[in-house]
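Q: Take these sequences, add in the hints, and give me the full structure.
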Amino acid sequence: MKRHVIIGNGTAAVGCIEGIRSVNREDAITVVSKENHSVYSRPLISYYLEGKTDTERMRYRDENFYSENRCDVRYGVTVDKIDTASGECVLSSGERIPFDDVCVAAGSTPFVPPMEGLDTVPKRFGFMTLDDALSLEKELTPKTRVLIVGAGLIGLKCAEGIRDRVGSIIVCDLADRVLSSILDSECAAIVQKHLESNGISFLLSDSVAKFDGCTAYMKSGASVAFDVLVLAVGVRANIGLVKDLGGTVNRGIVVDTAMETSIPGVYAAGDCAEGYDASLGANRVLAILPNAYLQGRTAGINMAGGDEKFTNGIPMNSIGFFGLHIMSAGTYDGEMSEEKADGILKRFFVRDDHLRGYILIGETGRAGIYTALVREQTPLSEIDFEAAKKIAGSAIFSADVRRKKFGGAV
Amino acid sequence: MKRVYVNEEWCLGCHLCEYNCAWANSGIRFMTDALKGRKIFPRIHVEGDDKITFAVSCRHCEDPLCIKSCIAGAIRKEDGVVKINRNKCVGCLTCVLVCPYGALSPAEDGIMQKCELCLTKSFGEPACVKGCPNHAIVYEERGGME
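Sequence order for the protein chains is A and B.
Just so you know, the numbering used here puts 114 at position 114 of the first sequence, and the rest follows in order with no gaps.
Just so you know, the numbering used here puts 1018 at position 18 of the second sequence, and the rest follows in order with no gaps.
Simulated from the structure, these hints should not be mistaken for laboratory data.
Glycine included, each C-beta is placed from N, C-alpha and C at the ideal position.
Some hints could be false.
Just the calculated beta-carbon pair ranges, DEER-fashion [to be verified]: (1) Ala1107(B) <-> Asp176(A): 31 to 39 Å; (2) Lys1130(B) <-> Arg351(A): 45 to 53 Å; (3) Asp256(A) <-> Asp1050(B): 46 to 54 Å.
A: What follows is the structure in structure tokens.
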């Protein structure tokens, strides 16, 4: 029987637990949870504020998940140090938990750039955890003026979630477009226009020079009066525990396809890890929920003595704002071709007979077929890619391929 | 386990499977009351081009990517059947983003629904299969990959 310690209690931790238990029931599992909550779906915090879910339905797994999986969970504590010499994790409470191996699933921390006068702002929030959302909720009134710093996925989902509960929302970003991590300029312009028509205002290519109480003085010279400030600039992977051990770290904790770090017996998964991106052909942080689960599960299987590799992770996102759905996947590398119709824009990026990435706005049906082309690196010469660009569907494959897909157990 | 399998060479593209699915899941007694004059949101869809047609529904994969990717933890597998808890789903469409078969689409309310093989109903087999005039979809036990 082995003793596993999982540092973190989010999606990657659940993947790790379920990975271990897919191999055996006997190993001991201790989960160290910084938050005082059993695992919940973090990406749902904006839907919570929007009234589309509640804290009960936000549970990522059933209430009895930990007991059914024989996990010992320590809430409200963190790991200060992984002591590989003694084989113990040292907790913030002073407790030492012995381990045979450990999975760092510690996620990320909001990055707050130095901004003059930030500490003079009376009501300021991050938007990452359930507690962030619950604190923010208390300050929302129909008259509240909200300034959101950061027009990325987190900032914009926050804007959508609170729109009907506040007076006004202004989003600012240093970038010249919204969702700059997943959209190019033209796609971003469509999404921005849609958000603006739904009451969200933007100050782009601009940043806060100075806060003075409830006023933000922008670099452009504009000033913004607000009641509530939300900081959604970005996140940084929590790499400290492995860095302290002398393990290889970059923007995230570098892992191989088994999810093991450069320190034997120390694994990492989820937003803190930098794993293999098949669309890029190199490692990078893939801070998305499906990846967190898949990496965690891979780590867990290997920790329990199985043999699992995660070789086809790619960046991918499905995100909607006020009824407009946007999907993207892979790397925007290669020759771009597009399909346009009223309210619809689809862009495909092809290099060396492979679909490397795509962006879809307004028409997302059966997009998983595109995602699989990217993930599996399907040679485009084997399918009818011209037809595929117009409409995603399995008619693009040969009859033989379809027979396998729809004629056998998969 | 039994699954729905496709015989595309026999599919006429008549869309009856879609109508039977929407009717079976409507809870309404008569087909016309359930379907006539309404936009339907079936859990099986006829696809194809000018040469071939075939009906696609959930494959109930051995290793379902939708379950691992669902941001709400709303999809699970019970006795081999991939099921969705519509009460937890928020309609983010991540399952649509990842399903390599293109087998999932949302209900009228934007929340996901999916083929659960009509197991809670009393037909003994999925309504789409039962109503197919040509055995272009069948419900049976088959081995692994062909």
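Q: Check the following: the C-beta atoms of Asp256(A) and Asp1050(B) are separated by a distance inside 46 to 54 Å.
A: Distance hint for Asp256(A), Asp1050(B) holds at roughly 47 Å.
Q: Note whether the CB distance of Lys1130(B) and Arg351(A) lies within 45 to 53 Å or breaks it.
A: 47 Å, holds
Q: Holds or violated: 31 to 39 Å for the Cβ distance of Ala1107(B) and Asp176(A)?
A: Because 38 Å falls inside the window, the suggested range holds.
Taken one by one, the earlier hints all hold for this structure without exception.
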